[in-house]
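Residue-level listing of the chains:
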Amino acid sequence: MKKPPDTRPKDIHTISVLVANKPGVLVRVALVFARRAYNIDSLVVSPSVDPRFSRMTITAQGDPATLDQIIKQAGKLIDVIHVGEHRHEESIEKELALFKVKYKPTEKAGITQLLKRFHAHIIESTPATLIIEQTGPTEELDQLENTLKKYGILEMVRTGKVLITRGKEPT
Amino acid sequence: MTKTTEKKPMTGARALIRSLENHGVEYIFGLSGGAAMPIFDALVDSKIKLILVRHEQGATHMADGYARATGKPGVVLVTSGPGATNTVTGIMTAHMDSVPMIVLTGQTITSMLGKDAFQEADIAGITMPVVKHSCLIKNTNDIPRIVKEAFYISNTGRPGPVLLDLPKDVTSGPFTGPMLDPEMDLPGYKVPTICDKSDIIKMAKMFKGSRKPLLLIGHGAVIAHASKAIRDLAEKLRAPATNTLLGKGAFPETDRLSLGMLGMHGTAYANKALTMCDVILSIGSRWDDRINGNNQEFCLGAKKLHIDVDPAEIGKIVVPDAYCVGDARLIVEELVKHVEPLETEEWLRELDYLKKQYPLKYSHENGLTAQYVLHELYKVTEGKAVVTTDVGQHQMWAAQFYLTDYCDNWITSGGAGTMGFGFPAAIGAQFGRPKDLVVAIVGDGGFQMTLYELSTVFNHKLPVKVLIIDNKYLGMVRQWQELFFDNRLSGVDLEGNPDFVKLAEAYRIKGVHIHKVEHVRERLMEAIHYQGPCVIHAEVIKEDNVFPMIPAGKSAYHMIIERPKTKLEKPTGST
Chain A
1 MKKPPDTRPK DIHTISVLVA NKPGVLVRVA LVFARRAYNI DSLVVSPSVD
51 PRFSRMTITA QGDPATLDQI IKQAGKLIDV IHVGEHRHEE SIEKELALFK
101 VKYKPTEKAG ITQLLKRFHA HIIESTPATL IIEQTGPTEE LDQLENTLKK
151 YGILEMVRTG KVLITRGKEP T
Chain B
1 MTKTTEKKPM TGARALIRSL ENHGVEYIFG LSGGAAMPIF DALVDSKIKL
51 ILVRHEQGAT HMADGYARAT GKPGVVLVTS GPGATNTVTG IMTAHMDSVP
101 MIVLTGQTIT SMLGKDAFQE ADIAGITMPV VKHSCLIKNT NDIPRIVKEA
151 FYISNTGRPG PVLLDLPKDV TSGPFTGPML DPEMDLPGYK VPTICDKSDI
201 IKMAKMFKGS RKPLLLIGHG AVIAHASKAI RDLAEKLRAP ATNTLLGKGA
251 FPETDRLSLG MLGMHGTAYA NKALTMCDVI LSIGSRWDDR INGNNQEFCL
301 GAKKLHIDVD PAEIGKIVVP DAYCVGDARL IVEELVKHVE PLETEEWLRE
351 LDYLKKQYPL KYSHENGLTA QYVLHELYKV TEGKAVVTTD VGQHQMWAAQ
401 FYLTDYCDNW ITSGGAGTMG FGFPAAIGAQ FGRPKDLVVA IVGDGGFQMT
451 LYELSTVFNH KLPVKVLIID NKYLGMVRQW QELFFDNRLS GVDLEGNPDF
501 VKLAEAYRIK GVHIHKVEHV RERLMEAIHY QGPCVIHAEV IKEDNVFPMI
551 PAGKSAYHMI IERPKTKLEK PTGST
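Each protein sequence line maps, in turn, to chains A and B. Going left to right, the first sequence walks through residues 1 to 171 as my numbering numbers them. Going left to right, the second sequence walks through residues 1 to 575 as my numbering numbers them.
Honestly, the hints are just simulated from the structure, not real lab data. Where hints are given, some of them may not hold.
Claimed, not checked - Here are the simulated SDA-like cross-link-like pairs (lysine to any residue), alpha carbons at most 20 Å apart as the crow flies:
#1 B:Lys190 with A:Gly84
#2 B:Lys316 with A:Gly84
#3 A:Lys76 with B:Val325
#4 B:Lys337 with B:Val325
#5 B:Lys316 with B:Gly573
#6 B:Lys148 with A:Ala20
#7 A:Lys72 with A:Leu26
#8 A:Lys76 with B:Asp185
#9 B:Lys236 with B:Asp278
As the list claims (entries may be wrong) - Restraint ranges, calculated between C-beta atoms of paired labels, are given here:
#10 B:Pro187 with A:Glu139: 31 to 41 Å
#11 A:Glu85 with B:Tyr557: 33 to 43 Å
#12 B:Ile560 with A:His82: 45 to 55 Å
#13 B:Tyr557 with A:Ala30: 36 to 46 Å
#14 B:Glu495 with A:His82: 52 to 62 Å
#15 B:His338 with A:His119: 55 to 65 Å
C-beta atoms are modelled at their ideal positions from N, C-alpha and C, and glycine is treated no differently.
Using the sequences provided together with the hints, build the complete structure.
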């Protein structure tokens, strides 16, 4: 199968922010990006092991010098405990996607084959639609999305990227 | 006013005022209103003095002036909604210049939050980009802890304003928590002290072999009280020093090693030194666009060194060859130990020559100039007054001609460029330094933005002097229109200004008028030696320009020393 062209912009960064669980902290972090006209592609806020803190995982695109300034400015926020950019090779990155796809009965076997290759599976099946779940690196989710387009994606929900650093190093 | 003496139950408001007392607050600058009534009520029983202002913007600039004159955070208390939004300009001004300030805003009751209650404004949301920190207090018992955190945050590291939003039910509700010494909960806040010694040694090595070193002194040096350490460094290195607008006073401007202020309207010799130096060390300056209009041409060939308490300033504009993050005083004290004297005699002679060749100057040819008035003010006050200014031409002339040898004596809105700042800031400074002479140098434009605080001055019998430099124009914009916009004047004409002496008299304040060169000295003396407040109305020539000038967006190589004969290109820099 021919690989679809990668249309994603190259300058994508993943930033992990550990924040105090206080009202408004999301706005404060978002403002640091918005003020410098830096677009946030995805943002995940989730609990951390310590109930006082939450974890934000942010993917954003733009030039590295501006990002460097954003990281420093975010680090200055009183409610930010720690902030850092993570390179691909130092961390494990995952994302979850749910696709609602329409299909004809004759196509089902082909779709099942396809999903095997992508480590994705069907979690609900109706006579006209399938809901497919896939977990994996963002790039693989993009590839499956492109492949499923020929059947017709009715809806798609993605969680946005989460990451954790490899080994003992804290995220 | 009647005070009841029976013991009152402890409320949030009383806990708040008690906390402020525990932090040594002497004055609160504020204006009352519905949502803040429990707090104003609690103030009746406190030794803290409430300075009732006429507009909330005035309160913030007073708190700012108080903070800069004393080094202690200024405290503002206002009500919700419009009372709170009127503080935004003053908060932004303090934020841009790293001034410690606590702003207490009343808020609607918590059950009405977000329901468009009367006088409800999301002030924490509105001010988020211009505060160091802010907090909506939802539990009465949290008040002492949050107040303690606010003071700690606002006046450590890089100082800044902290806003506390106080719903009326929280301040009127019963307080049952512990009052004394609450434990702070700030896991994300770290205050830099001194950096690694290896960073300092690396920086010291950068001076090796330098023949043309230059120290650039910024506001951070004032805030860190690094004057003595910087003096020691300059003397050991035999290096000259120049200061930013806000760095005035951290290195004595009358010293031989001082080149005065650099930048857009800095001295010619300071700006020429920028183009010639081989090492430049910024101590608490952020290389901003008033001194570095074009980063591509900034100090070409020179090694750039940077000391700053804020890690986000490192590399923001200038990428340094060596840097130290931490307290300027502690770092410079250590740096002095690791540097060796440099051979700079030739460099200093060259700079002395430039000082003689390109002095700051003015003439009486066309009548009374602002420069002369300010120079005379400098002489009659022996350079010892606490000076505040507004923003514009008078500010630049004041910076040029009112030399400052002392930290905390020069109070101006630098980063924000807030017109209307100077007069209320002088009021705050006078409350903080009651024994010192405080002079507000303001323009006719800026003064009219906050002149209503003449009431505050009168009511408190404050001996503040207000010197209005009246050229009947918004002069700096007019200067730009003349130089860059074919003299097409637009929105700058203030013809029809009030009679400022009569205006002062209407507020029962003494007024003095100056319009002739020969009157300047005598009338300034009269005003300065007057025991009470005094407004000095100096009518100066209308169409004078501030020089030297580096057009916005240009480097020091493009400095204009006097009125150009040919038309200039429109500047590329922002303003």
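To see whether the hints hold, each was checked on the structure:
no.	hint	in the structure
1	B:Lys190 with A:Gly84	16 Å, holds
2	B:Lys316 with A:Gly84	17 Å, holds
3	A:Lys76 with B:Val325	13 Å, holds
4	B:Lys337 with B:Val325	18 Å, holds
5	B:Lys316 with B:Gly573	17 Å, holds
6	B:Lys148 with A:Ala20	18 Å, holds
7	A:Lys72 with A:Leu26	16 Å, holds
8	A:Lys76 with B:Asp185	16 Å, holds
9	B:Lys236 with B:Asp278	17 Å, holds
10	B:Pro187 with A:Glu139: 31 to 41 Å	35 Å, holds
11	A:Glu85 with B:Tyr557: 33 to 43 Å	37 Å, holds
12	B:Ile560 with A:His82: 45 to 55 Å	48 Å, holds
13	B:Tyr557 with A:Ala30: 36 to 46 Å	40 Å, holds
14	B:Glu495 with A:His82: 52 to 62 Å	58 Å, holds
15	B:His338 with A:His119: 55 to 65 Å	59 Å, holds
When each numbered hint is compared with the structure, no violation occurs for any of them.
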